[in-house]
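Protein chains in written order, with my numbering: chain A, 1 to 209; chain B, 1 to 209.
What the hints contain is simulated information worked out from the structure, not anything from laboratory work. A hint or two may mislead.
As the list claims (entries may be wrong) - Below, simulated DSS-like cross-link-like pairs (lysine-lysine); rule was C-alpha separation at most 25 angstroms, straight line:
| hint | chain 1 | residue 1 | chain 2 | residue 2 |
| --- | --- | --- | --- | --- |
| 1 | B | Lys105 | A | Lys121 |
| 2 | B | Lys27 | B | Lys13 |
| 3 | A | Lys105 | A | Lys26 |
| 4 | A | Lys27 | A | Lys83 |
| 5 | A | Lys207 | B | Lys108 |
| 6 | A | Lys209 | B | Lys9 |
| 7 | B | Lys207 | A | Lys73 |
| 8 | A | Lys13 | A | Lys32 |
| 9 | A | Lys86 | B | Lys207 |
| 10 | A | Lys86 | B | Lys209 |
| 11 | A | Lys108 | B | Lys209 |
| 12 | A | Lys158 | B | Lys26 |
| 13 | B | Lys128 | A | Lys158 |
| 14 | B | Lys105 | A | Lys207 |
| 15 | B | Lys83 | B | Lys73 |
| 16 | B | Lys86 | A | Lys172 |
| 17 | A | Lys207 | B | Lys172 |
| 18 | B | Lys209 | A | Lys9 |
| 19 | A | Lys105 | B | Lys121 |
| 20 | B | Lys158 | A | Lys105 |
| 21 | A | Lys13 | B | Lys9 |
| 22 | A | Lys209 | B | Lys86 |
| 23 | A | Lys209 | B | Lys73 |
| 24 | B | Lys121 | A | Lys13 |
| 25 | B | Lys9 | A | Lys9 |
| 26 | A | Lys158 | B | Lys108 |
| 27 | B | Lys139 | A | Lys207 |
| 28 | B | Lys207 | A | Lys83 |
Claimed, not checked - Partial pick of chain A residues on the chain B-facing surface, computed with a CB cut under 10 angstroms:
| hint | residue |
| --- | --- |
| 29 | Ser101 |
| 30 | Cys189 |
| 31 | Ala201 |
A virtual CB, placed ideally from N, CA and C, is assigned to each residue, including glycine.
There are 2 protein chains.
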Amino acid sequence: MKQTKVISKAVIKRLPRYRRYLGELKKRGVEKISSKDLSELIGYTASQIRQDLNNFGGFGQQGYGYSVENLYKEISNILGLNKEYKTVIVGYGRLGQAMASYIDKNEKQFRIAGIFDVSDKVVNEVFKNAQVYAFNDLKEFVVENDIEIAVITVPREKGQVVADTLVEAGIKGIWNFSSVDLELPDNVCVENVHMSDSLHALAYYMKDK
Amino acid sequence: MKQTKVISKAVIKRLPRYRRYLGELKKRGVEKISSKDLSELIGYTASQIRQDLNNFGGFGQQGYGYSVENLYKEISNILGLNKEYKTVIVGYGRLGQAMASYIDKNEKQFRIAGIFDVSDKVVNEVFKNAQVYAFNDLKEFVVENDIEIAVITVPREKGQVVADTLVEAGIKGIWNFSSVDLELPDNVCVENVHMSDSLHALAYYMKDK
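Using the sequences and the hints given, assemble the complete structure.
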């Protein structure tokens, strides 16, 4: 599988969507699908789909289409979902609990090793099989347990402080719900879910209609 | 203000980010800012910023830069944030509560008129000043109260059914957290927050590094 060329961010953003639809097809017992049918389902053009998947070496067979199982597995591999990620959640408020539930239910390979909060009252609680620890213990925990990913679900004003602590501890990836753009060294990956940006885009679309 | 030309989705996605940074500057009492300084803050090039804002008629003054207050207000107007939106939340689980809290704290002009759930046990609870109603009453409530926006925070398998009910009731915009791509008529706007797509993109960036 050739992976030397740089894949555009737009393609990478589409891959999880392919995987999501292929996962649904797999569940429904569908074994193969043409790029035309995949196109109708996902809403990208068939040519877009072929082009996207060619970035990673194709996978389709002339006159047969794509094997759903294979393509799902290949895209999972490309995305790095063929392994487990030790994960912590920082912020045990409603959003932290919602995300812990979500991950526990839908994204089991992001294994929640611990949840961290500043409130003494919640320390030692257990939520979705993960224990709640004191924020002060975060750095040591990340180092000692080789935690790779942190989900930041603290309020805006605490986002950067939490990120700094995680960076010091050697975190590799941050899933950021804190509504600030974090300052991070280049070797730390970040994916932001900026809720308000999304809601404001909705308001714009509605106004524009 | 010229608005006849079509504004690209990329520009629209950047506007909330401009507004977010300008809001921070406003809070810190900053009155004016050059496109260069704005560029360093936001991380877009100064030329990108000028180009984006020129889509809506400029706002900058040669040799002065941008008035923070004015630009914030103008972008708010462009985004349609100068009015109140009557909003309902459908799904009173952890995510629904997290989003109700978030909106109540950060996005007050999206006024939560009601929260809906299928569970009899939670009906009549009050959360962040909003009452919880039975899902069966959703359609009538949306019609009678001229609800414009619905936040869907139900599980994947219920997303489309909820959307269908909302569409029948004449909803105008849907903020969708249900992890499915909804089938909607063209006159209904939708903005999706697909959690897993975002998390999988993070995994890809980490693998790629």
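Right, here's what the structure says about each hint:
| no. | hint | in the structure |
| --- | --- | --- |
| 1 | B:Lys105 with A:Lys121 | holds (23 angstroms) |
| 2 | B:Lys27 with B:Lys13 | holds (23 angstroms) |
| 3 | A:Lys105 with A:Lys26 | holds (18 angstroms) |
| 4 | A:Lys27 with A:Lys83 | holds (21 angstroms) |
| 5 | A:Lys207 with B:Lys108 | holds (18 angstroms) |
| 6 | A:Lys209 with B:Lys9 | holds (14 angstroms) |
| 7 | B:Lys207 with A:Lys73 | holds (16 angstroms) |
| 8 | A:Lys13 with A:Lys32 | holds (23 angstroms) |
| 9 | A:Lys86 with B:Lys207 | holds (14 angstroms) |
| 10 | A:Lys86 with B:Lys209 | holds (17 angstroms) |
| 11 | A:Lys108 with B:Lys209 | holds (23 angstroms) |
| 12 | A:Lys158 with B:Lys26 | holds (19 angstroms) |
| 13 | B:Lys128 with A:Lys158 | holds (23 angstroms) |
| 14 | B:Lys105 with A:Lys207 | holds (23 angstroms) |
| 15 | B:Lys83 with B:Lys73 | holds (12 angstroms) |
| 16 | B:Lys86 with A:Lys172 | violated (41 angstroms) |
| 17 | A:Lys207 with B:Lys172 | holds (10 angstroms) |
| 18 | B:Lys209 with A:Lys9 | holds (14 angstroms) |
| 19 | A:Lys105 with B:Lys121 | holds (23 angstroms) |
| 20 | B:Lys158 with A:Lys105 | holds (15 angstroms) |
| 21 | A:Lys13 with B:Lys9 | holds (15 angstroms) |
| 22 | A:Lys209 with B:Lys86 | holds (17 angstroms) |
| 23 | A:Lys209 with B:Lys73 | holds (21 angstroms) |
| 24 | B:Lys121 with A:Lys13 | violated (39 angstroms) |
| 25 | B:Lys9 with A:Lys9 | holds (16 angstroms) |
| 26 | A:Lys158 with B:Lys108 | holds (21 angstroms) |
| 27 | B:Lys139 with A:Lys207 | holds (23 angstroms) |
| 28 | B:Lys207 with A:Lys83 | holds (10 angstroms) |
| 29 | Ser101 | holds (5 angstroms) |
| 30 | Cys189 | holds (4 angstroms) |
| 31 | Ala201 | holds (5 angstroms) |
Hints 16 and 24 from the earlier list are contradicted by this structure; the remaining hints agree with it.
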